[in-house]
Amino acid sequence: MIVRISGEGQFDVPDGHLDELNRLDDDLTKAVDSGDDAQFTSALEALLVSVRTAGAELPADWIGPSDLVLPSPDSTIHEVREVLGDEGLIPG
Amino acid sequence: MGLMRRFSNIFKAKASKTLDKYEDPRETLDYSYERTLEMLQKMRRAVADVATSRKRIELQAQQLQRSAAKLEGQAKQAVSQDREDLAREALTRRQAIASQLTDLQAQHDQLKSEEARMVEASQRLQAKVDSFRIRKETMKANYTAAEAQTKVNEAISGIGEEMGDVGLAMQRAEDKVAQMQARSGALDELMASGALDDASMSSDRLQAELDRGFAEPAVEAELSRLKGELTGGSTTAKQLDAPADDAEAPAEAPAPAPAKAEAPVEEERR
Chain A
1 MIVRISGEGQ FDVPDGHLDE LNRLDDDLTK AVDSGDDAQF TSALEALLVS
51 VRTAGAELPA DWIGPSDLVL PSPDSTIHEV REVLGDEGLI PG
Chain B
1 MGLMRRFSNI FKAKASKTLD KYEDPRETLD YSYERTLEML QKMRRAVADV
51 ATSRKRIELQ AQQLQRSAAK LEGQAKQAVS QDREDLAREA LTRRQAIASQ
101 LTDLQAQHDQ LKSEEARMVE ASQRLQAKVD SFRIRKETMK ANYTAAEAQT
151 KVNEAISGIG EEMGDVGLAM QRAEDKVAQM QARSGALDEL MASGALDDAS
201 MSSDRLQAEL DRGFAEPAVE AELSRLKGEL TGGSTTAKQL DAPADDAEAP
251 AEAPAPAPAK AEAPVEEERR
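Protein chains in written order, with our numbering: chain A, 1 to 92; chain B, 1 to 270.
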């Protein structure tokens, strides 16, 4: 499974790691729903650390699409909302 | 749906829109390559913009540091003149400058990390551009319809994704630069107006008062010298007039006067 960390690069993460990512993603989703910036930052950091640790960074000249794309480490809730755009935080 | 998947889906949908698709995938490869080169150029300009913005902040900080040093000197000068009010004034302004400097430092750090990130991103993009150039030629040479379905599409969406990512980084940097420029502009105006080193009076007036503090003793000295010259002059005049006015002052009388005064005495004695 290829995971891109926005602004950082792409990682090849073993498929077996997906459950762990989903669990961390739940925390991140809760943080965004609550609108708590500090909680969001730490939840995002936990998710990204997990990707970096479990995955192997792909070389810069590797070209291919990702299965997952994650926000960059210093993203704010505001910036993530901007990417999500009109869909808002809770999809209809 | 979790945030991770939604973010991924939207990101990828947006990224795929960054590239137009042609009927012949080989054309799409060429087009994608051209767009990637354009993106690299834009990215380099964006890096230069961030660097310019950072340098501007550095210049402003230097200017503020000079102002702070000047105010420090003025405060010392004021203390040496026992002008606590002026010293307080100078130190208050120096405080305002110090807090502006702290702000600038934070902005500077932010721009520096933004710059570093963008340099890294453009290096990644450069590596992909080089690798894509070779790959697309190979793909075009060995082109088959089956490949068009898989490998070509993969390469194209991979490059599209990278462009989307770089585009996002550039947008963020541009926003930050715009914010900084607005703040830098405001700070420039503030510094030009003298409002920053001015709590209640202009910086020139603070200096003028201090100069007056130094000048006043000198002026006083000059004044008393002049007074001394003038009063000294009138005394001499009195001395000269003395014999006519007061002939009976024997000690102070000039030489000829006693002769005149003695004459009648001698006449009386005779």
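The hints are simulated quantities; they were obtained by calculation from the structure and are not laboratory data.
Source: prediction; values computed, not measured.
Please note that a few of the clues may not be correct.
[To be verified] Chain A regions said to be covered by chain B (calculated; three or more residues, Cβ under 8 Å): (1) 11-20; (2) 26-40; (3) 57-68.
Here a beta-carbon is modelled for each residue, glycine too, at the ideal position from N, C-alpha and C.
Hint by hint, here is what the structure shows:
1. Residues of the region 11-20 of chain A lying with their CB closer than 8 Å to a CB of chain B number 0, which falls below the three-residue condition for coverage.
2. Under a criterion of three residues with beta carbons nearer than 8 Å to beta carbons of chain B, the stated coverage of the region 26-40 of chain A is upheld, 4 such residues being counted.
3. Interface restraint, the region 57-68 of chain A with chain B: holds (10 residues with C-beta to C-beta distance below 8 Å; minimum three).
Violation of the numbered hints given earlier is confined to hint 1; every other hint is satisfied by the structure.
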